[in-house]
Amino acid sequence: MTNITAIFKKEFRSYFNSPIAYIFITFFLGISSWLFFRGFFIQNQAEMRSFFGLMPWIFLFFIPAVTMKLWAEEKKIGTVEILMTLPIRDAEVVLGKFLASFALLAVTVLLSLVLTFSVIYLGDPDGGTLIAGYIGLLLMGAAYLAIGLFASTLTENQIVAFILGISTCFVLLIIGEDFVLFNTPNWLFPIFSYLGLGAHYSSILRGVLDSRDIIYYLSVIGFFLYLSTLAVESRKWR
Amino acid sequence: MIEVRELTKSYGPTVAVNKVSFDAHAGEVLGFLGPNGAGKTTTMRILTCYLSADAGSATVAGYNIFEESIEVRKRIGYLPESAPLYTDMGVIEYLNFMTQVRHLPRSERKERIRAVIDICGLEDVIQKDIGELSKGYRQRLGLAQSLIHDPPILILDEPTSGLDPSQIIEIRNLIRDIGQEKLVLFSTHILSEVSATCSRILIINNGEIVANGSPEELASQAKGEDIVHIAIRGSQEAIEAELNALEFVSQWTHVETTDDIVTYQINAAQDSDAAEALFHVVVKNGWSLTELRQESVDLEDVFLNLTDKEQT
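Protein chains in written order, with the working numbering: chain G, 1 to 238; chain Z, 1001 to 1312.
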């Protein structure tokens, strides 16, 4: 546990030592508020649905940018050699890094509550949907982070990690969409509709916190963190 | 403390380390010498549990490096080649991170950070970010990092590369000091470095250990013969007759004759005190000696000899 904490602190601080965290938070909040308020006053309804609806697409570009450096940079400058010869298990490093990126996401999401408060000030949105929306946001963001982290373990080039992360998230996001499912062979239909990142998110957004959706996200996170650990260990494969 | 048996590792078709075996004990400074790409770094990476080997085994401080890797890593301080560090961290912040991941008790952390700063001469840069440090200071910080948990075994990959001459001497002295009670294993391709620092040398070439011994042992192993340069004022015929008669002279070559001074290069059996014997011969015959010089074969010859042989 001390190991995970140490790695977590190092990575989290490193986000704020570099411009990454500030740029991420500023642009994320700027772009999402702009896109949200542009439609908000036209609709003239005090609800956040359009905000939450945008998030899978905004996250698609923002989250791989947060995770791309986590392994790629260590490999590029060689610090991974010191890191992996410390008395720490590979899985602990993976977990520490994941939690640090999740903490940055959580801080950002927390700051986006300003939007919510202004909506509450302007009208009377449904509290249950809001809470469910935020839980869904964090779960989906965490799943994206795990995917991005895995992409970063595969390369020492941050751009490659970024694009790989976006593509993987994109594919997982769209396979559950109706447009794709219409053209899917019947036998693949249930698999695709289950695996789609977006479908589970929409069902949470409706205000129903179904344990199946939560289990789905937790398994996606667990699966990609496991793959990351394997990828990190692969240097030792015989 | 380190026992390596038949360690083998290949990258695809290239064999980087081929059946390397050696032992090393506390109180030794072991120099890994070899041309670039000889397998020094790979061997070190395997010992520090960064990479795995294809075959063979190794124990460090009694722990198997493949099965008890965490225990092994606790006991090793490692400085990889070119001292990779987190450039966005501060010097103290970095050392503090290291004390955490090395599980130093909270009460000792400050004290250890202080100690390695003193040992490695980092006093002047403690306020800086690692990104601002010069190559020399980065190298020292890398060394400080490897010493922070006071490990019994120190593995350093080219610790003096990129340093200026006075820094090199400092680091060498440091290595020698540490080597008094601990085991230091370091790699280099600079010859003078090993003879100045090491108690034992391992020469690696093409992934194989081609020599293992103290600097003096290696030098004498390789020479086999002493070479004596001698210039004598006397009759050439008489001198050559004497030379042919001498038992310890295996071969002689006439170099030149100027006026009546004759110069020879003589190959003599090892440890035959050839120079002294030749002096007596000259005195006995009433010639006069104008030059007498015994050449020693140094490490450089050993190195070139061993590494060239393998390549051809």
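Hints are supplied without guarantee of correctness; some may be wrong.
[To be verified] Computed list of lysine-lysine pairs in DSBU-like fashion (alpha-carbon distance at most 35 Å, straight line):
no., chain 1, residue 1, chain 2, residue 2
1, Z, LYS1128, Z, LYS1182
2, G, LYS236, Z, LYS1182
3, Z, LYS1182, Z, LYS1135
4, Z, LYS1019, G, LYS236
5, Z, LYS1110, G, LYS9
6, Z, LYS1074, G, LYS9
[What the hints assert, rightly or not] Away from chain Z, derived, C-beta distances all over 12 Å, residues of chain G:
no., residue
7, ILE7
8, PHE16
9, PHE24
10, THR85
11, VAL93
12, THR116
13, LEU138
14, ASP210
[As the list claims (entries may be wrong)] Heads up, incomplete: computed chain Z residues facing chain G, CB under 7 Å, no partners named:
no., residue
15, PHE1022
16, TYR1050
17, SER1052
18, LYS1074
19, TYR1078
20, PRO1084
21, ASP1088
22, PHE1097
23, GLN1100
24, VAL1101
25, LEU1104
26, PRO1105
Note that these hints are calculated values from the structure, not bench results. Where is the CB? At the ideal position from N, CA and C, for every residue including glycine.
Quick rundown of the hints versus the structure:
1. Z:LYS1128 x Z:LYS1182: 31 Å, holds
2. G:LYS236 x Z:LYS1182: 28 Å, holds
3. Z:LYS1182 x Z:LYS1135: 26 Å, holds
4. Z:LYS1019 x G:LYS236: Holds - the C-alpha atoms of G:LYS236 and Z:LYS1019 are around 18 Å apart, at most 35 Å.
5. Z:LYS1110 x G:LYS9: The hint holds at about 18 Å.
6. Z:LYS1074 x G:LYS9: 21 Å, holds
7. ILE7: Since the minimum Cβ distance to chain Z is about 7 Å, G:ILE7 lies within 12 Å and the statement is violated.
8. PHE16: Label violated. Min Cβ-Cβ 10 Å, cutoff 12 Å.
9. PHE24: Nearest chain Z Cβ is 15 Å from G:PHE24, so the label holds.
10. THR85: G:THR85 not clear of chain Z: closest Cβ-Cβ about 4 Å, inside 12 Å.
11. VAL93: 9 Å, violated
12. THR116: 33 Å, holds
13. LEU138: Since the minimum Cβ distance to chain Z is about 27 Å, G:LEU138 lies beyond 12 Å and the statement holds.
14. ASP210: G:ASP210 clear of chain Z: closest Cβ-Cβ about 40 Å, beyond 12 Å.
15. PHE1022: Because about 20 Å separates Z:PHE1022 from the closest Cβ in chain G, which is outside the 7 Å limit, the hint is violated.
16. TYR1050: 5 Å, holds
17. SER1052: Hint holds; Z:SER1052 Cβ to chain G Cβ min 4 Å, cut 7 Å.
18. LYS1074: Nearest chain G Cβ about 4 Å off; hint holds.
19. TYR1078: Z:TYR1078 check passes; min Cβ-Cβ to chain G is 5 Å, inside 7 Å.
20. PRO1084: With a minimum Cβ separation of about 3 Å from chain G (threshold 7 Å), the hint on Z:PRO1084 holds.
21. ASP1088: Cβ of Z:ASP1088 sits 5 Å from chain G, so the hint holds.
22. PHE1097: With a minimum Cβ separation of about 5 Å from chain G (threshold 7 Å), the hint on Z:PHE1097 holds.
23. GLN1100: Z:GLN1100 check passes; min Cβ-Cβ to chain G is 4 Å, inside 7 Å.
24. VAL1101: 5 Å, holds
25. LEU1104: 11 Å, violated
26. PRO1105: The hint is violated - Z:PRO1105 has no Cβ within 7 Å of chain G, the shortest such distance being about 11 Å.
In this structure, the hints that do not hold are numbers 7, 8, 10, 11, 15, 25, 26, in rising order.
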